[in-house]
Amino acid sequence: MTFSNSNFPDKEGFYGEYGGKFVPETLMYALEELENTYNKLKDNKDFIDEFYKDLSHFVGRPSPLYFAQRLTDHYKSGSIWLKREDLNHTGAHKINNTVGQILLAKYMGKKRIIAETGAGQHGVATATVAARLGLECHIYMGAEDVRRQSLNVYRIKLLGAHVHPVDSGSATLKDALNEALRDWVTNVDDTYYIIGSVTGPHPYPMIVRDFNSVVGKEVIDQSKDLFGKMPDAVVACVGGGSNAMGIFHPFIDIKETRLIGVEAGGEGVSTGEHAAPLNDGTPGVLHGARSYLMQDESGQVKDTKSVSAGLDYPGVGPEHSWLKDIGRAEYVAVSDDEALKAFHEVTELEGIMPALETAHAFAYLEPLMKELDSSANVVVNVSGRGDKDINTVAEIDGIEF
Amino acid sequence: MNRLTSKLQNLKESNKKALVAYLVAGDPDLDTTLDLMHLFVDSGVDVIEIGVPFTDPIAEGPTIQKAHDRALKNNISLKMILELVDKFRETNTETPIVLMGYLNTFISHIDLVQSIGENSADSILVVDVPGELNLQTYGITNPNINTISLISPTTKDDRVESIAKNSTGFIYYVTLRGVTGSSNLNIEEIKTNIQKIQQYSDAPTMAGFGIKSVEDAATLAACSDGVVVGSSIVQMIADSSQSKEFDRIGKYLREMKTAIS
Ligand SMILES: Cc1ncc(COP(=O)(O)O)c(C=O)c1O
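Here the protein sequences line up with chains E and Y, keeping their order. Under the working numbering, think of the first position of the first sequence as 1, with each following residue one higher. Under the working numbering, think of the first position of the second sequence as 1, with each following residue one higher.
Hint data in this document are derived by calculation from the structure and do not stem from the laboratory. The structure presented is a predicted model; accordingly, all values stated were derived computationally and were not measured. Each residue gets a CB set at the ideal place from its N, CA and C atoms; glycine is no exception. A portion of the hints provided could be inaccurate.
[Said to hold, decoys possible] Here are the in silico distance ranges between beta carbons for each label pair: (1) Y:200 <-> E:190: 45 to 51 Å; (2) E:394 <-> Y:139: 37 to 43 Å; (3) Y:215 <-> E:106: 54 to 60 Å; (4) E:344 <-> Y:110: 43 to 49 Å; (5) Y:245 <-> E:12: 47 to 53 Å; (6) Y:110 <-> E:374: 38 to 44 Å; (7) E:325 <-> Y:184: 21 to 27 Å; (8) Y:6 <-> E:143: 30 to 36 Å; (9) E:255 <-> Y:144: 47 to 53 Å; (10) Y:139 <-> E:347: 46 to 52 Å; (11) E:39 <-> Y:200: 50 to 56 Å; (12) Y:118 <-> E:40: 18 to 24 Å.
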C-alpha cells in the first residue's frame, strides 16, 4: 500500500503555481533530509505497518461515519453523515498527522520535537506522541491563543511539554509558526519540526496531507457500505487546511463528489475582519509557501479575526489554492455568529459538541441542504470536539464559572 | 559596472576588508534613517544594507523583529524606501546600497523593483529565496540590480557550488545556525566553510549574522572579504531613538573599521 497516488506536488514542491520552499538557507538542508527520508519510507512496508498499527491501537481508527438523524430531520432534506474525527484519541484529526510525523522523527534519530499550535489541538497531539516516545517537546503558541485555549495549554503541560507563549505580531497562530521556524533554524541539527497543517515549505504540505488522507480513504469505504455510493458532497472547515485536505484528497478523482471547504468569515467577509484568504485574499508568500494570503497592497500580512483559534490564520495550504483555481473544490465562508449558532444546534440535536472550527463546517449545511436535492448524501468532517472551547463559548454567552 | 561590484573589487585589490552595516528603514523614522546612513559612511562603512520591514521576518531575532515592527507602525513601504535612497543619492553617489528583505514585499511591488535605475539601490538580498532559485523566476530581471545569495553552515557542497555561481553581488555567509543577533559563533567551522566557498567562486564572501563586538568583527574579517553587522547597531539605534544622539554608533563603527583593516 502507498500513501498517495497524486502527481502533485511536482519535484520542486509546487501545486500549479502554489507551494515551493521559501525558507532561509539554513533550513534547506533539513527540508531535503526530510523529503529524502519520507520518500524512502512511504513505500516501506515496516513503516506503513507501524503507522497503521498506531492509528488503530493508539488513535482508535477507523473513526465511524455516523448518520445524524436529528440534524437530517432538522434540514428536512438529504442525509447528513458525520465523519467522527472528534472520537480520535486527543479529540481531533490532528493526531493522525502527528503519529505519522513522530515516526519520521524516530527514523531520523531526532531527539527534540517542536511544533506551533493555534487552538492547542495540534500542541496536544504533538505533546502526546512526544510523551509516548519520551522525546523533549516544545510548543509555540500565540499569547492570545494561550489565553483563549487555556485548557489545552494545561493539557500540553501535563504531557510534559514546554509551552512558549509568543507575543510578537498579532500573538496568534501565524506568529507561533514564525517562532517555531526560528527555533528550527537555531536547533536544526537535532530538532524535528512537526508542522500542524498542510502549510509551510515543501515537503510539509504533502506529508501532512498523506498522513491525514486516511480520513478520506475510510469515508470512501464507509460510504459504499452505508449508502452504496459516493457522497454528493464532503464539507470540511479550512484553517491551514489539514482536515479538509485529508478528507478531500482521496476524492479528487471522484468527480461526482463536491468538495466544499468552509473558511472563517469572522465578522463577515465584506467587513475585512475575517480569516478567509481563499474567499478574500490574493496569492503571496508566507511561511515558506506561495498560496492565497490575506495581505495589504504593500505585501504586509494582515491581522485576522475569528472566534475560532484554529482557523485564525491569514494563509492556507498551497494545494487548496490550486484546487480552488482549477475549480475542483469550492471555498465558502461563514461568520462567527453562524458558527456559534451551529455549535449550539449540533450539540443539542445530536449530543455531539463540535470544536468551534468544526462548527464552521456545520454552519454551511444551512444553505447547502436547501440547494441539494432530497436524495443527497452529505458528509461533514467533524474535525474535533468542543471541550476545549467551552470557556470561549461561555464567555460569549456571558456565563462565569 | 554595478556600484557594489566595483566597490568590493577595489577593496579587494587594495587588500582591504569591507564593512557592511545594517539598519531598518523607518526605524525610528525615515529622516533619522537618512541621517544614520550618512553617519555610517562618515564612520567608515563601505556598504549600507537597508532592511525592508515585513510583518513576518522569520530569519530575524528579537532585536531586528522589533525594529521591523516599529517601522511598520510608520507604514514604511518599498516606495518610501526607494525615495529615501534617492535622497541619499543627492549627496552620496559612491556608497553601494543593498535592500534586504522578504520575497512577499518585493513581489508585491515588482513594478518598482523593475524600475530601479542606475543611481539608486544596487542590490537585493531576499532572505527567503534559496540561492539556486533565480530572482528572474519572480519577475526581477532589472539589470541595475545584482543579487546576493546566502550560504549557511548547513549548506551541502553540491549546493554551495550552484549558489556561488548565481550570486552576482557578493556571497553572504551566514556564520551560525540561528536567527540574526544570536551568539554561537564557531570560528573554525566558519573558516573551513568560507575557504570552501572561495574554491567555487571569485565573488567576495561576507560573513554575518552573529557579530556583536569589534573583536568578533576582527576575527571574522581575517577569514573573509568583509563583515556584516546588524543587530548590535539596530539595538543602539533603538536605545537612542528618543535622544537621537548616535555618537556611540559612529564610534563603534570606526573601531570596527580599524579592527578589520
Ligand atoms: C478541531 C480542529 N479543526 C480544524 C482545525 C483547523 O486546522 P486545519 O484547517 O489544518 O484542519 C483545527 C486547528 O487547530 C482544529 O483544532
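Cβ distance range 46 to 52 Å for residue 139 (chain Y) and residue 347 (chain E), holds or violated: 50 Å, holds
Honestly, do residue 215 (chain Y) and residue 106 (chain E) meet the 54 to 60 Å range at C-beta? 42 Å, violated
Could you tell me whether the CB distance from residue 325 (chain E) to residue 184 (chain Y) stays inside 21 to 27 Å? Hint violated: Cβ distance 43 Å, outside 21 to 27 Å.
For residue 394 (chain E) and residue 139 (chain Y), compare the CB-CB distance with the range 37 to 43 Å and indicate the outcome. 50 Å, violated
Lying within 47 to 53 Å: is that true of the beta-carbon distance residue 255 (chain E) to residue 144 (chain Y)? Between residue 255 (chain E) and residue 144 (chain Y), where Cβ atoms are some 50 Å apart, the hint holds.
Does the beta carbon distance between residue 6 (chain Y) and residue 143 (chain E) stay inside 30 to 36 Å, or does it fall outside? 48 Å, violated
Is 43 to 49 Å right for how far apart the beta carbons of residue 344 (chain E) and residue 110 (chain Y) are? Since the Cβ atoms of residue 344 (chain E) and residue 110 (chain Y) sit about 48 Å apart, the hinted range of 43 to 49 Å holds.
Residue 39 (chain E) paired with residue 200 (chain Y), Cβ distance criterion 50 to 56 Å: 28 Å, violated
Could you check the hint for me, namely that residue 200 (chain Y) and residue 190 (chain E) are 45 to 51 Å apart, CB to CB? 29 Å, violated
Using the beta carbons of residue 110 (chain Y) and residue 374 (chain E), state whether their distance is inside 38 to 44 Å or not. At 51 Å between Cβs, range violated.
Determine whether the Cβ-Cβ distance between residue 118 (chain Y) and residue 40 (chain E) falls within the hinted range of 18 to 24 Å. 50 Å, violated
Supplied distance hint 47 to 53 Å, evaluated on CB atoms of residue 245 (chain Y) and residue 12 (chain E): 50 Å, holds
In summary, the numbered hints that this structure violates are 1, 2, 3, 6, 7, 8, 11 and 12.
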